Amino acid sequence: MLPDFPETKRLFSRFFRTYMRRKVREVSPYGAVQTRYLHEGRAMKITRADQSESTSSMEELSVHLEIKFDEIESLTLQKSIEKHDAMIADMAQKQTHFARERMSIEIPESQTLKAKGRKFDAQIVIEMLEKMQIDFYPDGTPHEIFVDSPLFTPERMAAVDKEFESNPELKRKFDEMMERKKEEWRAREADRKLVG
Amino acid sequence: MLERLIENWLDSAGERSYQRCFCQMLIGQEYRIVHNTEHTPLEHGKDVIAVSSDGKIVGFQLKGNPGKSLKPSQFAEIRGQLEQLATYALGIPGYETKVPDECYLVTNGEIDEAVSVELQRLNAALERRGHPPEKIKTITRGTLLSWANSLGLSLWPSEIKDFSNFIKLLNCAGDEIFPAEIFDPLLRHTLRMDDTLTASELRRRITSAAVMTAVALHSFSRRKNHFAEITAWTLFATYSIAACEKNGLDFTKNGAEAVLIARNAIRGLLGQLCDEIPERRILSEGDPFSEFAFYRPRALLIYALMGIYWMWSYAEGWNELKHKAVIEGLSPENVPPQSIWGEGAIPHLLAFTWYRKRIAASPARDEFVAAVLRDILSNKLGPAGHLPSPYYGIEDVARHTYQQILGCDDPFEGDGFERTSYICESLMMYLVRANLKERCKELWPSFTRINHERVVPDEAWRFALYRTGEGATNTTHIYPSTMQWKDLQELFAEHAGVDIPEALKADPILLLLFVTIFPFRASFSAVKFLHERFDVPTATTLG
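Residue numbers (the working numbering), protein chains in the order written: chain A, 1 to 196; chain B, 197 to 739.
Treat the hints as calculated values from the structure; they're not laboratory data.
Note that the structure is a prediction, hence the values are computed from the model and not measured.
Where chain B lies over chain A, by a calculated footprint (3+ residues, C-beta under 8 Å):
hint	segment
1	14-26
2	30-36
3	39-48
4	189-196
Virtual Cβ for every residue (Gly too), placed ideally from N, Cα, C.
Only chain B is shown next, with the shape it has when bound in the complex (with noise of 0.2 Å):
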């Protein structure tokens, strides 16, 4: 059953998203990736490069045929590339005067039998000119689904319920907002986040994890909904990095190179909704007479996504400086206060307002910030409409406000928000570390009448989780009435993020995607370390 939803999957899966899954499948076989095309548009000729185990520089160019074969025609479009990949120096860092030991054409098709007869009289010719022989090999459809069974099927969970979960996934109709809580039991199972594994076991099922990823993401990459495919291989990733850390194994070595590809397809995706905002007038999708109630959030949640990719590419190199105007063109100079949803906007809030502080950087924008902290304190003191935590989203808040026109559950019933916050601390912090002294003392009565709440997990790959599970403890602060300024600086100072795993860390730019699309992560501590790699002091401007 489940080989055959691996190869309808394949059968209908486009270049880019067989390409994530292939590269995935390499470093299942030990190679190393060193050049992939992902989030760049197609380099003709080289797709992917990499290192075999046993040293050997291997190009890989890779055709999408789902479902068909690679006839004469698209064969000749290809054979000067192909030609240039077996022959031409890489010209890639580290390797530019290096010419690839064996080469592939890679397809989720079939090859005609004329193109193999084409493709022998290209290594023929090759073969002439000094090349070994059989230069350029093939790569098809049932090599693929082969190293997709043996790399990833076989490693999945076979329990009822998780092969019940991964089919619900595969009939989401992909227009919808990734069902994380799904998605969450089937890569703790694969990635036996119950158990105990050694580094190989790990290895091969960090690359099974991520052929069930590929798979179970069939429907949305169909629809070419970026945000959930983003949302998956973001939790790929933090998952990959929470077992890591669980087993006590070194990243760099068992997981670097798996959640490198992840990172890789996420920008690449980043890349192709920033390309979808100038074919449209404005924001919307689907359904405009029920904008009302979604309008703003997605708004707000996709400058975020577009700041992040903004601050991703100066720091990383822009893959397409085009994209640099379309975000910076995009964004307003705020967001209009009704954006302020609930809770779990606030991280959103503050991404966009990280980006534009690099771009336009104005004493505005941590007023602004102000003004949202007073605006979330004077909701939560009010009598009633309080903003809800961080663990409602957009669909919640709107389920609940229309519960009677929809007739549907009350997503807050036996939940109450009043009079607590998981986000009114970090916004404080925020206010601290911008030395907004004034705001801060009008604020602080309100802040001092507030239970603060924090999940903090037992041990820090927890927090890399869509649910710490168990290992967590809820905790409420009560800030003392009076505070003396330089007590508070002292302790909103610390940005440490003991609670949070190394690996993410050391990825702040993966550690604040996770927290913009989960904003329940976005702890204090979690903001704490995110404000010190993302804040710039307001007289700076980048770009």
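If we strip away everything but chain A, and leave its shape as in the complex, we get (with noise of 0.2 Å):
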């Protein structure tokens, strides 16, 4: 063989694990959501309070790293952080994709809204957060929900704010809903109890 120089190296392909591993979450519409290593087995599967189940599988996901020879030559650090950021962006996107399938797969009929063609507005929200449990911080302050659709522009989640401040109709829909909500969360809360 050639002289090389592993040790070194090694160390090199450690910090591009960390940097790709921390890349991902940036990048990714699923970076926030918290991750859990599986030590063993292969199989999921979660028992919910109400008794029902789901199972699921794990799935391999892959992306394609290439380097050409006549590229080596002129490889620079930054050079070789490019294309591992194009492996990101390709690996974000199978990640996506995954979950998406995974949740429309998963999600019930219950908590699924159909929109019936109509445009993504005020009402669509209302709508749609009708349908969620939502949890509250301890001052009563909801927890953040995190989005991932085409149709949450900053442009049109604009144009939705605008239809709130000017429709008091729907404000006050809206006001009201997330007030049951609250309430609805102080009764789960409260109903944490062991009894008997």
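Each of the two chains sits in its own frame; use the hints to bring them together as a complex.
Listed below in structure tokens is the structure:
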């Protein structure tokens, strides 16, 4: 073999691994989702409070990282990072697609909103939140809601905000709905008890 | 190459460490061990008594002469004992009045020419007194090497990866935690966990795995790293159990003898660990300036191991009564709160608590468990610094906590512990069974906000391995927000341990040791089973 420098290369490799993990989280719409490492077994099952169960299996996601012979000579750290960035974007896309696919399968009909061609507006937001179980912090602030859809563009969201501001009826409906959600949350929390 | 490694091991193995391997090799030759001094102070003259397949009672006296010869002066010291072994009734249960049919002087070195002459004279004297000729024979280095090769090495896995793992174990400094992740594939491949074996093939492979365990421990045995040795022999025992159950073969006929020898070795090692305690003022080891990260976790582990040793000896009889006082003097009333470094510490806490309840039962012990559960729930629901799952050890915690100054990878990278727990269900079960209804009511709201994780093996034998492989389901349980106390009592009363191998359930001490060493095996099912076996009502005090 030709002379190599594996010990130091391992340090670079460690850097790229850490960089990729962090960057994927930054760019993925699901980057804020808590991740867990499964140390053994391949199947997953969840048993909910209502005794309903879902089972799922693992899926391997992989992306391709290519480097051509004639690129090596002029490779710099920056270019190497750029190559990893391309791979990161690919991986984040695959993860997102996978997450959306799984959620579409797992989310029950009762939590699905069919807009039937209506445009995304304040009324849809109210109907959508109505279907969700919303939790609150002790000070009464609702937990953050993470959204993942091409519908939720900053422009669209700004338009929805404007619609609420200009339509007191919609705003009243929204506030009432959130107040109801808070009451439901309080009731749920008050219900957490061992009885008898 | 491997032959040279075995030679190297034999030429430096102490008497006790080669005795374990020697007994395993006797089993591999269809002997049945009826007496073994491994776990007791050496009984001069009859270290091992075994019955051969043709019914002969054979006595073995072992001497450690690594890399040397047994000299006449050493022989003079044991001559009387050998004569006693050859002529006296054994006085051991079941063989009280029997005299051995054959005797062997065993050494891992050579026998000096002058000693051979002495032995001939002793045999001649015995013959004149009516004993058969050549009553005392010898087993020396050459025979032991030949046995180790034929019974052990010939069945070891031959893949390069396995060879490399074996070398890694031999290259260990010997003062570290035993690397179970390296030993696991070696055991799995030797016991052919992916194939189906006949009974005779399995028995041969169990002997082979035992020889491998003894040799793989070489560096650790030399450093007297008792915990590493306990870890390896525990793995050998649980993998032997798993192999029998996986192949549908009767454990009592195919694996029990070998596991019993391993069990004796473990008990002996716990005794040696106990012997070290009075020699130390505190439970510190190695560089004291880094002890801030390890002292409390190590102390809790030692309390747990000594608690298990106490319960083991209480059930089966003390080999050394002085150990009882040492352990009882060592254990604190309660462990300091900072001892709970992660969910992996909980099996240690439970073993310690079950032991303490036996010597000084008090409602305060159950209250302490309630306080620990409250703290864990509060930690899991808090904003940061969540306690890691039992898959992470204290070294991982230290590397995570001090990552910046140590300049190492973060072992927790990619994992999250918020609102999830592998152990809270077990602690809640403990409190429910202790009938601490008010405490349970207080903790219930937080308990129901947590996702409770379990790993359920597809087949029970997989439980006994370091990793189940793909054959397990990661399950998440969310408890209903409202529950009736009696329903919870009913739910937590179950203790069948259906996902634990039968032979492991039949040996609760070994199971408790296994989950103490490998806290990720402290599954809800295992802890329910162990609680049923080891917990005592607060009004009961033993000892």
